[in-house]
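Novice: Quick note, the sequences are listed as chains A and B, same order.
To convert, note that position 27 of the first sequence is 35 in the numbering used here; the numbers rise steadily by one, no gaps.
To convert, note that position 353 of the second sequence is 355 in the numbering used here; the numbers rise steadily by one, no gaps.
Just so you know, not all the hints are guaranteed correct.
Per the computed footprint, the stretches of chain A lying under chain B, defined by three or more beta-carbons under 8 Å from a beta-carbon of chain B, are [as the list claims (entries may be wrong)]:
1) 15 to 23
2) 26 to 39
3) 55 to 66
4) 81 to 88
5) 93 to 101
Pair ranges (Cβ atoms, derived) [stated by the list, open to error]:
6) Glu13(A) <-> Phe507(B): 17 to 25 Å
7) Ala459(B) <-> Ala81(A): 17 to 25 Å
8) Tyr526(B) <-> Lys36(A): 37 to 45 Å
9) Tyr526(B) <-> His10(A): 20 to 28 Å
10) Tyr526(B) <-> Trp11(A): 22 to 30 Å
11) Leu188(B) <-> Arg39(A): 53 to 61 Å
12) Arg57(A) <-> Asp390(B): 40 to 48 Å
13) Leu188(B) <-> Thr43(A): 16 to 24 Å
14) Gly261(B) <-> Glu13(A): 42 to 50 Å
15) Gly237(B) <-> Lys36(A): 27 to 35 Å
16) Asn37(A) <-> Ala459(B): 57 to 65 Å
17) Leu218(B) <-> Leu89(A): 50 to 58 Å
18) Gly38(A) <-> Ala459(B): 25 to 33 Å
Subject to a maximum C-alpha distance of 27 Å in a straight line, what follows is the list of computed DSS-like cross-link-like pairs (lysine-lysine) [as the list claims (entries may be wrong)]:
19) Lys129(B) <-> Lys295(B)
20) Lys301(B) <-> Lys14(A)
21) Lys129(B) <-> Lys97(A)
22) Lys36(A) <-> Lys295(B)
23) Lys301(B) <-> Lys36(A)
24) Lys301(B) <-> Lys97(A)
25) Lys97(A) <-> Lys513(B)
26) Lys129(B) <-> Lys14(A)
27) Lys14(A) <-> Lys97(A)
28) Lys301(B) <-> Lys129(B)
Hints were generated in silico from the structure; no laboratory data involved.
C-beta: ideal position from N, C-alpha, C; glycine also.
Residues per chain, in single letters:
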Amino acid sequence: MHWDEKWRHEERPDPEDIPDEYSIRPTKNGRIIVTYFVSLFGVFYLLFRFFGTEPILLGGIPLLILLNIGLVALTLLGVYLLLWPQETKAMETAEGSATGAGD
Amino acid sequence: MASLSWAVPLSGSPLIPPELADLIASNFWIAGVILILYTIVFIGLSQIARQAYTGEVTDYLVASRSLGWFVTSITILATGFSGVGMAGFPGNTYLLGSAFMVAVLIGFAATAPTMWWLGRRIWTLGKRHNFETPGDLLGQYYGSDLMRVYTVIASVTFNIAYVVAQLLAGGILIHVLTGGVISFQLGLVIMGLIIFLHVTLTGVRGIAYLDTFNGLLVLLILMAFLGLIVSQAGGLSNVFTAIPGEVHDQYISLPGMVGAFTPEIVLIFGIIFTFGTWLMSPAVWIRLYSFEKREDIVKIVSTVLVLLTIGFLGGIYMIASWGMSQYPEIGNPDYISSLLAFDTLPFVLAVLFLTAILAAVISTGDSYIHALSATVTRDFVRAVVTDDLDDRRELQINYVVITFATVTGITVALLYPGLITPLAIFAGGFTVMLLPPLIGAVAWPRASTEAALIAPAAGTMLMLLYQPHVIGLVADPGLIPNPFPVPQVPGLVTGFALNVVLFVFVSFVTKPVSIDRIEEFHGYLHREL
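This is chain A alone, in the form it adopts within the complex (with noise of 0.2 Å):
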C-alpha cells in the first residue's frame, strides 16, 4: 500500500494569494451565458407553477409537454447563439497564442 494524503504535508496559501482571475465569477460574456440559462428555467418555472399545473390539451397535446418542448428548444437556441461563439473565440485565441509562442 503507498496511500498518500499529499495535501496533509504540502504549504497552502491564503486564500488571498489566489490571482483574481481564477475566480468562478463568470467574465462578461460568461455572465451574459449565466443570466440567459438561469433567466429561462426561472420563467420556465413559472410556467410550470402557474401552466403546467392545468389539464390542458392543445391540439391535442398535453400543455405540460409543448412547455417542455419550448424549454429544450430555448435551451438549444442558447447553445447556438451563446455557447458556440465562446468555444470559436476561445480556440482562434488559443491558436494564435500558439502561433505566437512558435515565432
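Got chain A sorted already, so can you dock chain B onto it with the hints?
Specialist: Only chain B this time, still in chain A's reference frame:
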C-alpha cells in the same frame, strides 16, 4: 418446426398474457432470425473495433482520445437509451404521469449547458495531464488518495446498480422475446455473459462503435413506434384523450398521478437526478476525455439533447401514454413497452423493437462495466495498492474486475428483481455527490481538500438514512421519516443540498489546495479557455 413445439406451452408465464405467448410461439422463427441478424452485426462491429484496438491501456480506456464528435454524441446518447430509459422510464411515466417525463427532460435540458461548461474543462485538463478516469482528476487536484477512493466507491455503487438494472431489463426482454421459454432469471444470466464477452474483447472503442449502431437503431425504431401508435389511435390527440377519465387529468398535468411532482420537485429532482445518473456517471465522464477536438463539445451537447428529446418524448413518453389506455391494469409497469410493442407493431417490428432495447441494454451494460473496471483498476489498484503496475498487468486486472462485476451484477439481479428505476435513482445519488468537488477542481480555486472529503461523505450518509427501504434493504421507511410520497426524492435532494452547503462552508473555513496545483489546474484553464 421442432423448435416451435417446445415454444408452444408458454402461456404459463404470469407476466405475459396467454394470447401474446401464443403469438410469439407461433412466430418463433422470426424472432430467432432477427436475433441472429443482430448478433452478426454485433460481432462484425466488435471485429472492426478489435482491428483498430492497439491493446494499450489508453486505447482501452479512452480510445486514445480520438473519437469523433458524432460517435461520441451517440455513445453518450446510448447510455441514456439504457434498459432504465427504455423499460424503466415508460413504466415510471405510466405510474407517475407526464410529470416524471417532464422532470427527466428538464434535467437533460439543464445538463446540456452544464456539460459544456464542465466538459470543456474536463477535456482540457485530461489532455494536459493525461487523465483517464474521474479519480485521476479529483485525486490529483485535491492531493488525496481518499478522494480517489470516493470516486471508486461512487463508481462501483453506480455502475453495479446500473448493470443490475440492465440485466433486469435484459431478463425481461429475453423472457418476452422467447414467449417465456427462457425464464427471466436465465435471460439475465445470458445478458450478463454477452456483456462480459463484448467489453473484454474490444475496450471503449468497440463499445463506442456498437453504441453508435445501437443508438441509431433504437431511435429509428422508436420513431416507427410513434408513427404506428398515432396510426392505431387515429391521430396524435386520441393518444391522450383515450386515457381513462379517472386518471386523465392527473396524467397530463403536474403534480402527476401520485401528487408528488410539484413544479419545484420537477425542477430540482429532475436536474439533480439527471446530473447524477448521466452527467456525473463515470462512463459519460470518461467519454469527455475521449473525443478528439475540444470545440466538438458544443456539437456533442446539442446533438445529444436533440436526439434524447426526440427519443424520450416521441418514443418513450408516447409508449407510456398509449399504454395507459391499452393496459390500464398491469402487473409490472416495466413490461409496458414490451407488451405494447406486440399489441401495436407488426410482429417483425415488435421483435425488432425489443431487439433494439436489448441492444440498448448491451450498450449501457458494456459502458458501465468498462467504467467500473477502469476506475477500480486505475484509481484503487494502481494509485493506492501498488505503483508497480505495467500496462499489461493493468489490463489483466481490468479483466479480473470485469469478471467480478459481472458475477456480482448477476447475483444482485437474481436476488433483487424489483423495479428498475428506483435502483437507478439510488445509484445516481452517489455520483452526484462528486459534483461539488468537481466544480472546485475545475472552476472554484477556493475549494479545499477538507471540504471535498467531508461534504460528499456527509451528503451520502444523509441520503442513506432516507433510502434503504427504496431498494428493499429494510422494510420500514428508513431511519428518517419520509415526508414525500415519492420515496426517492428526499434522500437525493436533501443529501445533495447538505453536500453543497457543507462544501462551501468548509472551504471558507479552511485553506485552498497548494498554489502549484491551483496553477496546474485553474491557471492552465484560464490560459486555454
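Novice: Which numbered conditions among the earlier hints are violated in the structure presented, ordered from lowest to highest?
Specialist: Result: hints 7, 8, 12, 13, 15, 16, 17, 20, 25, 27 break, sorted rising.
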